[in-house]
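Q: Below are the chains, spelled out letter by letter.
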Amino acid sequence: MGKILIIEDEIAINKMLCMNLGLVGHETVPFTDGEQVIKWLEGDGNADADLALLDVMLPKADGFELLELLLEKKIPVIFLTAKGDLESKLRGLTGGAEDYIVKPFEMLEVIARIDKVLKRYGKRENVFHIDDVEVNAAERTVRKNGVELVLTMIEFDLLLLLIRNRNIVLSREKMLNEVWNIYYEGETRTVDVHIAQLRKKTGLRIVSIPKIGYRLEVSHEN
Amino acid sequence: MRTRITIGMIIIFVVSAGLFCGIMSYTTWNTQRREAKRYSVSELNALVWKLNSENYPMDIKDSPYIKDTILRYRIQQYAALSREDMEYVLQKGGEDIFNNSSINASYILDSMKTDEIEMGNEKYMAAFFKYGSRYYSVAGGTIIYDGEEYDISVVRDVTEGMNRVRSVAVWCIFINLVIVIVSIVISILFLKQSFAPFEQLKESTRAIAQGDYGQRIGSVRNDEIGELADSFDRMGEAVELHMREVENKVEEQDMLIHALAHEMKTPVTAIAGYAFALQSANISEKQQEEAVSFIDMESRRLERLSSKLTQLIMAEHNRIELQSISVHDFAKQLEGILIPKADRQNVSLHIEVPEDDYNIEGDADLLCVLLTNLYDNAYKAGACRIGIHFAVNEWTVTDNGCGIPEDELTKIMQPFYQGDKSRSDKGFGLGLAICKKIADLHRMELRIMSVVGEGSCVYMTINC
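Quick note, the sequences are listed as chains A and B, same order.
For the first sequence, the residue numbers in my numbering are 45 to 266.
For the second sequence, the residue numbers in my numbering are 963 to 1426.
One or more of the hints may lead you astray.
Derived SDA-like pairs (lysine to any residue); straight-line CA-CA distance at most 20 Å [what the hints assert, rightly or not]: (1) B:Lys1248 with A:Gly66; (2) A:Lys147 with B:Leu1267; (3) B:Lys1092 with B:Thr1121; (4) A:Lys127 with B:Asn1062; (5) B:Lys1398 with B:Glu1416.
Partner residues aside, some chain A positions facing chain B, computed with beta carbon under 7 Å [as the list claims (entries may be wrong)]: (6) Asn64; (7) Ala126; (8) Val213.
Chain B regions said to be covered by chain A (calculated; three or more residues, Cβ under 8 Å) [said to hold, decoys possible]: (9) 1217 to 1230; (10) 1236 to 1242; (11) 1253 to 1262.
Hints are computed from structural coordinates only; laboratory data are not their basis.
For glycine and all other residues, C-beta sits at the position ideal for the given N, C-alpha and C.
Using the sequences and the accompanying hints, generate a full structural model.
A: Below you can see the structure in the form of structure tokens.
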């Protein structure tokens, strides 16, 4: 999917972000202080990335400083910080940041926000190849071994949600929210029925995780 | 209160002035009446005496008419010589013989039935009345003149005198009225001035009730009200001081909680994130191990944070029991903890005690925390030589670490303050705040001297 710069001085959080974003298919480049980022931007003549997750409080060069440099290189920035006060948020957003995520955050939220920004910049992948299935999000078509499959609207949206969050467990409630726009729990049987349909039609590995939900498993080679 | 006092005072003024005027007028009037009657009686007495002393008996004794005429003639003469306001009435058996007054004689005689006044050996009747618009005082008596009995009366017009009395009374009332009005005005002004501090007191009380604790009256009066104002100001000061203390305390605690929440965000986010990753399939065995080790590391960090906080809360709230501690024993205890640690960290630690042992009052465990924290700080500052020196009255911890910039020296005792902005993984910034609390509990003064690049020295002066 995208190439994402992870600029965060807490090694635990940096590695965690790399690990999770790697699972959904992003390529990540970790940095733990401001100087490394500046060097990378200057050193590589065509330093390019689709997005940067940027911590505000960094050693050697702070996030607001780096924001300008990153924007010069046309790399969209999402701030990631423990500072939740309005002033910092406004400073970040008016300074040109695309979004602002306050710690502690949920991984699903980070993934969704990254997806939004990539979509806005036209950098979101629209064609996915998973095993022998090809999904085209723009044309809303699904082909298996070149043969087009017939999916309902709901089934297609559900498949896309699973692909965008591949290798991650999605709860039934989350799917209801995203696909059906239903915000109450209990009506989860609907999800099970559609998942069963998707499995039958596409043959993808949609694994049921007890007590949590479903996960589309995709091997890293894809 | 002020209105009530004002109304009361007005009532007292008006009533007393009214009573004064009334009594004065009444007694003056009565005295004047009595005097007028006495005057008339003495006039009559004089006339009677004159008539009796010049009683020339006539030969024509059987002619009462002539007797009447002679007597009338004599009274006429007398009247002509007497004062203008004196008038005379002579009657015999109810018939007028002489009357130069403007009043009916029988009216005069009727009026004199009750008032009897003695003068010399004689008894006379007297009266005072108003006839028409004029006042008269009359005196009457019976005389035997040449064997014949006559009723004789003296009538005096006293209108002028009485009017004078009345006008004096009116003046008196008028002056009284002026005095009353003036005194009411003066007392209202006086009351207003006296009550001004109360007004201020009221305003200030309201202001304080609404949270403006800086309100003062600042009275310079030297009376009870001034004292009240002074007491009020002292109370205000105490309240303000107390409130500021409470506010500072709350602010400090707010900051602590804020900093704590901030400090907890990183490990909590990391733990949740790795747990999320572990739920996923397709995570390699190496990644799994990594995630688990990070979760382990971050939860240890939370545990360390919680133990530091416990220390801080303990130092802040515990009423420590001071015990006499031998410095030699304490130094040994400390060596047991720090020397192995220093060996492990490749630090040359030197603990020095004076030859003569001495005792200090304190809690050995807390003092241990204090010195261990100072050692940790020195180590984190990159020191390779650390000295702890227990001189009498002053302990010092010296190091050859990186030192502390001057502008940070004042801030470093605040909880969660960290000199190095990058917030390395080494600590939370609670150490010195804990040291400060422990030093305070032992009435030790904690001072830090530092030269950037050369090292720092922490002085703990023991106040006995």
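Q: If a hint holds in the structure, say so; if it does not, say that too.
A: Each hint tested on the structure:
Taking the CA atoms of B:Lys1248 and A:Gly66, the gap is about 14 Å. The hint holds against a cut of 20 Å. In summary, the hint linking A:Lys147 to B:Leu1267 is supported, as the alpha carbons are separated by about 18 Å, within the 20 Å threshold. Proximity of B:Lys1092 to B:Thr1121 is assessed by CA-CA distance (about 9 Å); at most 20 Å being required, the pair is judged to hold. Among the hinted pairs, A:Lys127 with B:Asn1062 is inconsistent with the structure: their alpha-carbon atoms are about 123 Å apart, more than 20 Å.
Of the pairs offered as hints, the one joining B:Lys1398 and B:Glu1416 is violated, with about 23 Å between alpha carbons and a cut-off of 20 Å exceeded. Checking A:Asn64 against chain B by beta carbon gives a least distance of about 5 Å; that is within 7 Å, so the hint holds. At about 5 Å, the closest approach between the beta carbon of A:Ala126 and any beta carbon in chain B falls short of 7 Å, and the interface hint on this residue holds. Using the Cβ-Cβ criterion of 7 Å, the hint placing A:Val213 at the interface with chain B is satisfied: the shortest such distance is roughly 5 Å.
Coverage of a stretch by a chain is defined here by at least three residues with a beta carbon nearer than 8 Å to that chain's beta carbons; for the stretch 1217 to 1230 of chain B and chain A the count is 5, and the condition holds. Only residues whose beta carbon comes within less than 8 Å of a beta carbon in chain A count, and the stretch 1236 to 1242 of chain B has 5; three or more means the coverage holds. Look at the stretch 1253 to 1262 of chain B against chain A: 4 of its residues bring a Cβ nearer than 8 Å to a Cβ of that chain, three or more, so the hint holds.
Hint compliance for this structure: hints 4 and 5 are broken, all remaining hints hold.
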